[in-house]
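Take the sequences, apply the hints, and build the full model.
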Amino acid sequence: MPDTQALVNDFLNKLKKRKIEGSQATAKQTAELLRSVISQTRMPYTNQASALIHSVKAVGERLIAANPVELAVGNVVRRVLHIIREEDLSLTTAAMAGLNLSAESDDEDDTDRDNHPALSAAAIAAASRSTLRPPSLQTLLEDVPDSAAVPHTSSSGGDSEGKSKSADKSSRSRKLKHDVIEAVNELIQDISTCRELIAEQAVEHIHQNEVILTLGSSRTVLEFLCAAKEKKRSFRVFVAEGAPRYQGHLLAKELVTRGLQTTLITDSAVFAMISRVNMVIVGAHAVMANGGVIAPVGLNMVALAAQKHAVPFVVLAGSHKLCPLYPHHPEVLLNELRSPSELLDFGEFSDCLDFGSGIGAPLLHVVNPTFDYVPPKLRRA
Amino acid sequence: MNRVGLQYLAGDLSGGNARCIAMLQAFQEAIRDYSTPPEKTLTRDLTSKIGGFVSFLIECRPLSMSMGNAIRFLKSRIARLPLTLSESEAKTTLCSDIDRFINEKIVLADKVILRHAAAKIRDGDVLLTYGSSCVVEMILLYAHELGKQFRVVVVDSHPMLEGQKLLRRLVVKGLSCIYTQLNAISYVMHEVTRVFLGASSIFSNGTVYSMVGTASVAMVAHAFRVPVLVCCEAYKFHERVQLDSICFNELGDPDAISKVPGRVDVNFLDNLTDKQKENLELLNLKYDATPSDYISVIVTDYGMIPPTSVPVIVREYRKEYLLI
Numbered sequence: 001m002p003d004t005q006a007l008v009n010d011f012l013n014k015l016k017k018r019k020i021e022g023s024q025a026t027a028k029q030t031a032e033l034l035r036s037v038i039s040q041t042r043m044p045y046t047n048q049a050s051a052l053i054h055s056v057k058a059v060g061e062r063l064i065a066a067n068p069v070e071l072a073v074g075n076v077v078r079r080v081l082h083i084i085r086e087e088d089l090s091l092t093t094a095a096m097a098g099l100n101l102s103a104e105s106d107d108e109d110d111t112d113r114d115n116h117p118a119l120s121a122a123a124i125a126a127a128s129r130s131t132l133r134p135p136s137l138q139t140l141l142e143d144v145p146d147s148a149a150v151p152h153t154s155s156s157g158g159d160s161e162g163k164s165k166s167a168d169k170s171s172r173s174r175k176l177k178h179d180v181i182e183a184v185n186e187l188i189q190d191i192s193t194c195r196e197l198i199a200e201q202a203v204e205h206i207h208q209n210e211v212i213l214t215l216g217s218s219r220t221v222l223e224f225l226c227a228a229k230e231k232k233r234s235f236r237v238f239v240a241e242g243a244p245r246y247q248g249h250l251l252a253k254e255l256v257t258r259g260l261q262t263t264l265i266t267d268s269a270v271f272a273m274i275s276r277v278n279m280v281i282v283g284a285h286a287v288m289a290n291g292g293v294i295a296p297v298g299l300n301m302v303a304l305a306a307q308k309h310a311v312p313f314v315v316l317a318g319s320h321k322l323c324p325l326y327p328h329h330p331e332v333l334l335n336e337l338r339s340p341s342e343l344l345d346f347g348e349f350s351d352c353l354d355f356g357s358g359i360g361a362p363l364l365h366v367v368n369p370t371f372d373y374v375p376p377k378l379r380r381a
Numbered sequence: 001m002n003r004v005g006l007q008y009l010a011g012d013l014s015g016g017n018a019r020c021i022a023m024l025q026a027f028q029e030a031i032r033d034y035s036t037p038p039e040k041t042l043t044r045d046l047t048s049k050i051g052g053f054v055s056f057l058i059e060c061r062p063l064s065m066s067m068g069n070a071i072r073f074l075k076s077r078i079a080r081l082p083l084t085l086s087e088s089e090a091k092t093t094l095c096s097d098i099d100r101f102i103n104e105k106i107v108l109a110d111k112v113i114l115r116h117a118a119a120k121i122r123d124g125d126v127l128l129t130y131g132s133s134c135v136v137e138m139i140l141l142y143a144h145e146l147g148k149q150f151r152v153v154v155v156d157s158h159p160m161l162e163g164q165k166l167l168r169r170l171v172v173k174g175l176s177c178i179y180t181q182l183n184a185i186s187y188v189m190h191e192v193t194r195v196f197l198g199a200s201s202i203f204s205n206g207t208v209y210s211m212v213g214t215a216s217v218a219m220v221a222h223a224f225r226v227p228v229l230v231c232c233e234a235y236k237f238h239e240r241v242q243l244d245s246i247c248f249n250e251l252g253d254p255d256a257i258s259k260v261p262g263r264v265d266v267n268f269l270d271n272l273t274d275k276q277k278e279n280l281e282l283l284n285l286k287y288d289a290t291p292s293d294y295i296s297v298i299v300t301d302y303g304m305i306p307p308t309s310v311p312v313i314v315r316e317y318r319k320e321y322l323l324i
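Chains as they are written, first to last, in the numbering used here: chain E, 1 to 381; chain P, 1 to 324.
Source of the hints: derived by calculation from the structure; they are not laboratory data.
One thing to keep in mind: the hints can contain errors.
To give an idea of the interface, some chain E residues facing chain P are shown, with a C-beta separation under 10 Å as derived from the structure [what the hints assert, rightly or not]:
| hint | residue |
| --- | --- |
| 1 | G216 |
| 2 | L222 |
| 3 | S234 |
| 4 | E241 |
| 5 | P244 |
| 6 | H249 |
| 7 | I265 |
| 8 | T266 |
| 9 | D267 |
| 10 | N300 |
| 11 | L304 |
| 12 | A305 |
| 13 | K308 |
| 14 | N368 |
Chain P is nowhere near these chain E residues, computed Cβ spacing over 10 Å in every case [said to hold, decoys possible]:
| hint | residue |
| --- | --- |
| 15 | K14 |
| 16 | V203 |
| 17 | V211 |
| 18 | G259 |
| 19 | N278 |
No experiment lies behind these values; they were computed from the predicted model shown.
Yeah, the Cβ is synthetic: ideal placement off N, Cα and C, and Gly gets one too.
Okay, structure coming up:
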């Protein structure tokens, strides 16, 4: 465990200092970290699933707290928890179907790992009735006298509570860990290849002689457009530069290197040019449960303009960006302000930045948000 | 004349009013220095001379709408000069006409606009402005002098970054300001109570022609239900109709887009190979057209009018100054 602790602390530091760029990289590293946490967890004989879940949750909460704006972390943690529960459930169904032996009912979140070993026959019979049922109010209330903690599902998605039965406990525990790690590997694989899968659909959406607008730079969009180019579609791209990070310049450079006709425009010209555009394609930072999108700053303006001119607004997002939370006041709560030096040179404006006018409040504030919220009605696909 | 042209070219002189005044004053000087060659009438020769100057100015930088209107005024004054006047009298008449035009149409008009617009500012307001418009700046400073308590949000855009100059002038006078770039406008618009915009010109269908990005500001303000006030002197109105920003526009220097002053880390577009360059186009538009449905009211020297009344002003009052 000290091994993983060091890893966890290291990752936490990186998250706090915002050293990891991009939600895909973050998601991948989170998944890998959780994989090592899982492999290091000591598994008791009974209730393995909840041991795993407990340790993953502990680490996950710390990770989410380190960088609440990076929603991919939370998404990956929830998916790993879901994997654990699913694997547990499938193992139990296999065991149950195969052996149909003494049943032991486990409740998801309860902490009584001490009093399990031998249940009386009556308890076993009662438990077998309640096995394999998805959590309902009745099952929860039945177990309330037994367990100290009130079982509750966290705000994340975890649905199937694994009721585990064991015929052969030791081999089952090994199997559970093994299965979970395999599934997490698959998850990592998915995260890495999400861009290719999205890009494969490019040809259906981009037709001949189309004009596409995008803002800033997203690797998903880049691969999407290149895939369409590979399939011999000819189209033009307008890239808005995306001040103050000017990522649009990077994207434009990449696109021209691959031979696409690109025009670089300023963000202010987006409204002017959008009437001549067939489609707007952008990448997202995260997609919320109501369909709203957290996107790089400036995209709300583009989405409004697209709606006014009836231009389809398409968002590309990998599955690690799908978040089961509902946004409340997302512009403020799910946003980060970056350094004002990107907007104003401190040296030039040092005279204005002094505290003035006697009331002690600074006269000049500089606002540099990172993200924008695009409500679901502005988004076509 | 050369000096003014070069100033345009260098971009030192910007802003509709400033350019127009500088041009008219240059014309005044030219008229004073002018002498009719023998065998030619004053009116025709002077008109062609003016035409020559105008072409020179167009070479330096395409005319703004306000300048176009001013030139038409001048040409019509020249054409109406009675033939009985001697040359020196004609010249003094023209110069005084130009002075009156500048005074009435620009200086006094601005004072009237100030009074109207400052009445719309209340204590506790958060006012948003885009770029640097001299009329809006005057309004903000005037309202501040009147003692109203408000905050200003200055929105700026690359590559001109005119907002920084406005910001400096406002902070020096003691106004409390927030500075941000155009992309962040959805973030700040929650707090804003009024939006004040300047215009280069207003067309007969109510479309406002102004610095590129104004349309986006007006659109987002409209989406957040914030009233948009456009402040524009009446001499800038034009009877043309324009539907979108592409039909008629001015292109700025394309290299201005790729350079970001003061930030070396983002100069991605240096060192492009030729193959890359042939696929890449840099488009730097200077103006854009804001549809009239985003505008709540236009503040002019004739009062506060809705965008639909612009053709009325053009029709009724255009005759007036041609007859003064």
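Task: I265/E as chain P interface residue, shortest Cβ-Cβ below 10 Å - done: Holds - the Cβ of I265/E comes within 10 Å of chain P, reaching about 5 Å at its closest.
Open item on the list: Does N278/E clear chain P by more than 10 Å, comparing its Cβ with all Cβ atoms of that chain?
Closed with: holds (15 Å)
Task: Status of the hint placing K308/E at chain P (closest C-beta pair under 10 Å) - done: This interface hint holds because 7 Å falls under the 10 Å limit.
- [ ] Hold the hint about E241/E up to the distance rule: shortest CB distance to chain P must be less than 10 Å.
- [x] Nearest chain P Cβ about 7 Å off; hint holds.
TODO: Run the C-beta distances from G259/E to all of chain P and say if the shortest one exceeds 10 Å.
DONE: violated (6 Å)
Open item on the list: A closest beta-carbon separation below 10 Å is what the hint needs, so does N368/E meet it against chain P?
Closed with: Since chain P brings a Cβ to about 7 Å from N368/E, closer than 10 Å, the hint holds.
- [ ] Would you check whether the claim that V211/E is not at the interface survives, using Cβ distances to chain P and the 10 Å cut-off?
- [x] holds (12 Å)
TODO: Mind checking the CB of L304/E against every CB in chain P and telling me if the closest is under 10 Å?
DONE: holds (5 Å)
Task: Minimum beta-carbon distance criterion (10 Å), P244/E to chain P - done: holds (6 Å)
Task: Closest C-beta approach of H249/E to chain P relative to 10 Å, hint status - done: Hint on H249/E: holds, closest Cβ of chain P at ~4 Å, below 10 Å.
Task: T266/E as an interface hint toward chain P, with CB separation required under 10 Å - done: With a closest approach of 6 Å, the T266/E hint holds.
Open item on the list: Hint validation: D267/E versus chain P, beta carbon distance must be below 10 Å. Holds or violated?
Closed with: For D267/E, the interface hint holds, since the closest Cβ of chain P sits about 5 Å away, which is under 10 Å.
When each numbered hint is compared with the structure, violations occur for hints 2, 3, 18.
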